[in-house]
Each structure stands twice: as structure tokens, then as C-alpha cells.
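Protein chains in written order, with the working numbering: chain A, 1 to 288; chain B, 289 to 575; chain C, 576 to 819.
Just so you know, these hints were derived from the structure itself, not from any lab.
Just so you know, not all the hints are guaranteed correct.
Simulated coverage check for chain C against chain A, where a stretch passes if three residues somewhere in it have a Cβ under 8 Å from a Cβ of chain A [claimed, not checked]:
1) 604-616
2) 658-669
3) 672-684
4) 739-752
Owing to the predicted nature of the structure, the values given are computational and were not obtained by experimental measurement.
Idealized CB from N, CA, C, for every residue including glycine.
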Amino acid sequence: MEYLIHLAILIGIYVILSESLNLVVGYAGLLSVTHAAFYGIGAYATAICMTSLGVNFFLSLLIGIAVSVLVSVLMGFVLSRFRDDYYALASLGFNVIAFSVFLNWNALTGGAFGIPGIERPNFLGVVFSSPLAFLLLVAICVALVHLFSKFIVDSSFGRALKGIREDEEALRVFGYETHFYKLIIFAIGAGLAALAGSLYASYITYIDPTGFTINESIFILVIIILGGLANLKGSIAGAIVLVLLPELLRFIGMPNEIAAQMRQLIYGAMLVLLMLYRPKGFLGEYRI
Amino acid sequence: MLLPQLIANSLIAGAIYTLLAVSFSMAFRVTKFFNFAHGAIAAVGGYAVFFFLQAFATNAIIGIGVGILFAGVLGFLIEKCIYLPLRKRKSSNTVLLVASLGVFTIIEALLAILFSSQFQTLPSVFGLDATVEIFGAVLSGIQIVAIVASVLVTTGLVLFLRFTKFGKEIRAVSDSEEVSKIVGINTNALIGKVFLVSALIAGFAGMCAGFDTGIEPTMGLQLLLKGIIASIIGGLGSIYGGALGGFLLGFVENFGVWQFSGEWKDAIAFAVLILFLLLRPQGITKQ
Amino acid sequence: MKLILRTKNLVKHFDGVCAIDNLSINIERGTVTSIVGPNGSGKTTLVNILCGLLRPDRGEIELSDVRFHEFRSEEMITFKVTRTFQEVRLFNQMSVLDNILVVLTERSARQSFFEKHGEFHLERAKKILGKVDLWEKRNELAGSLSYGQRKLLEIGRMLAIDAKLVLLDEPFAGLFPEMVKIIVNIVKDLKAHEVTVILIEHDMSLVRELSDHVIVMDSGKLLAEGKPDEVLKRRDVIEAYLGE
């Protein structure tokens, strides 16, 4: 039972990550390979606030989101100059830089050792320390994120995002200040990823840089491509499948070290096969 | 650190980046997409040499040769089995890029599964780890090999592209694949050969990096990023631009490391890339 | 006579080739002006400059009595200017309805964020899609339509913007007669509602039928202008065309 709750919590965190990335990649068509950087910024900001400054989890979470949004706006100014392949490359570069910061700014991030001893959330004396209580918190966050994402994609703003994806220049001719749109959705994606990071840090109670590499960004990308770009339900389905799949490997008795590599092997292979045979993913409404 | 050694270190790093950049650029010329698996091929070169040196313990030349050839053939097969079918489906460059991200992920995981994710060193052969002192800088045999090879490969490729029929066909395809088809060039066969040569050079670079500093599964990403950055700095698709970019990056990185510290190498490299993309996206060599 | 648009000494080079060469034209409000000329005479370049997609090297543009040296394409809409594209540019992986709604709803990011399209937008979209005969196809993807339907949808999108000046870049090219007829009627209807139309067109019978004024361009220069019947008879005009 504990194990199932653990999986449900992980799925919840990845649903937040993938829905938020889908807003950026699937709706706005910005091929961002840097989502793990914001995931990490949220996790680190929360961890640092909680362990070094003794700030309450919920305030730390808001700080994490704020820091992530701020960084994303600065990145966004640079990224808005690029498109397609160059966008992917430059965003990947930001992930490399963010990872370097996590790994090397020892005084702040604890370097390769990371930050241990992060507490579970505490809300007016109610501590979400039991897995079930934490699952409840994650479920609330997932629901809020989903409703918020749905609100965006159903709005006129969401339609304009799709227009940017299809033909940004034409949309400008029709009077849209498209760079604002791109900046806003990128920042929203970053903020939501930071939320996932905060939850993760508090749940696992220990973070280190290895959770926020380019491979992690690629993994989230695989989730949304498998589930389908520009479809929020697809992201939920993708997260469920891709979080559970590697657990099967552990089930058949594969040692942990190999299982981690097998997981990577599988999602790499999925990416290739999807591009070859189903570039739209399973529920996708947008084909890159 | 003394200036001569700093210059030597820059040249060594620059040589390996150059090998990756020119091979990356050459493939980019004919396919126009960012092949993110390129660095992984280089890593395969390092590991294959590592493996075949043990398999052919009696003859190191064969071990090294087979190892590099293995990387070349792998690059060729990836083109034939994945990129070619995608191009035939008229997939966008972004789709090819995403597929190559997948290939990169697969190779990295496979190397870790087969050889463990531990850092390993290649055995010493032909005294490649012996050092000499030149103008006060200490260089090992493999480092000199890398520097010489980078110069030879760059000039060789430039001459090759300019003066052979194959080279002229490559230039035709890079101008327009459609027109090349019409004038009777078998573009797919040509792109296959380009990938073979490109992967051979990458494999060689991976071997140099392996002998010089050692091998680990994640080295592919480092090599790829440095190769792409160098080729963009130099001007994508330009061979001698790639060499220029490679050495420039080597110098910036090593002098940067001297100023800050070693851990920030990758961040410095990317900062340089982003600066270039913003201020001079076409690279140094192009108008 | 009241001018809606004038250009003065407009110049635009591409890699040393002069696409627009010292061009000064005047467009009267509420008229249909056709721009004709051989391929490569600079017609599309002119339209691209007028809608802010290209910056002129030199020269002035005056729109509704406001003088510009250049303007950003995002601002076109504030002067009620819109266009269609020679090579149809729709939002392909969006529904036909969304292609219309995207120009009907709020454009500023702050307002569009809190706006959902309502009955009012749907009513207007229905009226416009009815005019181009695409209401039945509203839920299909724009990219899946036939060439002619795609052209019509672009015309529909232009109508939805409710502009005062529209630039139509070869709207009839490659269409079947019945579709040509729909668009001809739309152009006449625009004129009846005092919308100014600039039309780039190769079919001279359509130019004669629709335009009040014809501007002939050759190698980026103004070769001739005037009433359609007079201009199209001139020998230098005919030679410019046949000389191609």
C-alpha cells in the first residue's frame, strides 16, 4: 500500500511537470529542453529556504515559484530570439548552466552532496508527514494545475498560443504581440515546474543535482510526446505510463543500478520509435 | 599556472573540439539538422577502442582501428535506420532533432549498462601517455596526436570538399538537395557516406579524449555540446570555421577556467554560445 | 479625393538587387486599386513593406495621415490594415473555426488570458464562414482543406478583421471559376462598404472588372498608372508584360 501511494505521488509530480511543459511545447510550439532546470530551481529554493532559513514549506514553495519565474523571464528574453532547432539548443544550454550551478555553488546548494533533511510540509500545525497525507496535498496541487492549464488552453490566450506555434509572423500581422505570449507561457511553465520541484524536495526530503539533468528534461519531453502534444489528458496518461513502466523492471528483479539505465534506454527508444511511427503521440493534436 | 601550459591545454581541448566540430558541420551541411547523437558516437569511439584493445591485446593498431571503425559504422547505421526513413517521410528538422535526442539517450544508457557508469581509463599503448616538454609546456603523446590530427583532418576535409567529385557533390547537396537529385546525384547514398566519414572522425576524437582523460558514459554529452558550440561559433557548415571555433572555444574555456575554476567549464562554453547566438548567429566566418 | 495610403520615394534592396526603386504611390480611400506587373516587379515586396514584414531601406509611408518611416507588423491592426498571403498562410493545425476566432477575440495578452470566446464571437464567425461557404467544415483542421477552400478561409479571416484597408496578394490564383466568383463578390461588397482594397492580380479581365485604378510596376519602379482601360492599352505596359 505504501508503495502504491509512493507511485501515486510520483505520478502526481510528473503530471504537474508534463502538463506545464505541454503548455510550452505542445501549445506554444517552443521546443524547450530545460524543464528540469526549473524543476530543480523550485526544489533547491524550497530546500534552502526550509533547511537554512527555517521558512515554512508553503512560503518556501511560493518563493521557489517566484525565483523560477524570475529566472525564466530572464531566460525567455534570450530564448525569444530563437526558434525551432536553435531554441532547443539554447534552452538545453540553460539546463547545462543550471545543472552547473546546482553542482558547483557549494555554499548554497551543497554541491554534489545535495541538501538532506528537508521537512515535510506543515500547515498551521497539520503536518503532511504520512504518505497518504502527502498524497492528498499532491492531489490538490495536481487538480489546481490541471484546472489552471485547462483554463489557459480554453481561453483566447490559449488559441493565440497555438497560432504562434503555427505561424508566428502571420499572427503578428494580425496584431498580436507574440513575444509577450511566449514569455508569459514560458514563465507559467517554469512556475508550475518549480511547484513540482518543491513537492518533490519535501517528499523525498533529500535533493542532489542528479535529479535535474538534461536527461530529466528529455524524460519529461518523452512523457508529453508519448501522451500527445497539445493535449492535457495525454500528458496525464503519459506520466502514468512512463512512471509505472520502469517499476515493472524492478518487479522482474532487475538490480537498481541497471534498472535506472534500462529506464533511460526505454525512453530513448520510445522517442525514436515515436518519431518514426507516431510523431503525434497517442492523443496528440499537434505534430512537430 | 604558467602561460605556456595554459596555451598547450587550450590547444589540446581545441583540437578535440575541432575534430567534433568539423565532423558535426560536415553532416549538418547535407542534412541541416542538429544531430544530438554526434557526441554519443564519439563516446562509442572511446569505448570501442577500450573494448577492442582488450579483445586484440596482441595488436594495438588493430584494436584502435576496429574501435574507430565501429563508431563509423554505427553512425552510418543510425543514418540508414533512423534518419533516412524520417527524411523520406518529409519529417521536419525538429523531428529529426528529437529522434537524435532519443538516440543519444539510448547510447548513453547502453554504454552504462555494458561498461558500468564508472569512470575508466584506456590502457597505455605505444607510449601515448609519455610526456615531452615543449617551450615549457608538458604535453603527452596522445595530446600531440590530437593536435596534429585536428590540423590534418581540417585541411584534408577542406581540400577534399574543394577538389574531389565527392566533395563537389556534397557542396551541391548542401546548396539544394532537390536540385542535386535532379542533376543525378544519389543524395541518400551520399548522405550515408558523409555520416560514415563524420562518425569516423567523431570516433577518433572520442578515442583521443579517452586516452587523454578517460571514458565515462556521460562524456558524449560534453563532447557533443562542445562540438556544436564550436561549429556555431565558427559558422555552421563551414569546415575551417569549425576548426577556428574549436580552438577559440578551447582557449576561452581554459583561460576562463584559469580565472574562475574547473567546474564552470560547461557553463562558460554555453555562455559563449548564447553570446554568439545573440550577437553573431551566423558565426565568425560567414558574412 | 481623400488618400488612405501614400508612399514616398520608397526603396528596398535585397542582396544588391533593387526590389523597390524610388516608388511613390497614392491610394484613394474606398477604391479598388490593382497593382499589376511581371513576376519579380516588386509587388509582393511592396505589400510586405506595407504590412510591416519588411523594413524599407529608405522612403516614407503615410497611412491615414500618419507618417511612418517603417512600422511594426503588430501595429498594423491599429490602423485597420490587413492582408492575405500569396502562398496561403493559415494556422494549419487549428480548426477552421479557430482560424477565424483567433482574429475576432482579444489580442492583448492581458485581456485574452481572461477571455473565452462567447456566443457573440460564434455568431460573427458563423456569418463570415457562411460567406466563404466553410461553416460546415468549421471543426476540420485548416491544413486538411483543399487548396481552394484554404484560399477562401484566408479571405474569411481577412473579412473577420473588419479592416479599412486590405491587401490581397493574388487571391484568385489557381481557383475554380465558382470560387473566383465568391471572392469577386466579396471584393465588390468590400468596396460597397467603403473598404479600400489593394489587389495584386495577373488576370487582366478581373483587373478590368474590379478596379477603379491600376498601378503598373516594372523592376520595382512605377511604370504607369490610371484608369484600367487606358493603362492596360498602353504599349509600354503591354511590352513590360510580354517582354518577360
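Hint check:
{"no.": "1", "hint": "604-616", "verdict": "violated (count 0)"}
{"no.": "2", "hint": "658-669", "verdict": "holds (count 8)"}
{"no.": "3", "hint": "672-684", "verdict": "holds (count 9)"}
{"no.": "4", "hint": "739-752", "verdict": "violated (count 0)"}
Violation of the numbered hints given earlier is confined to hints 1 and 4; the remaining hints are satisfied by the structure.
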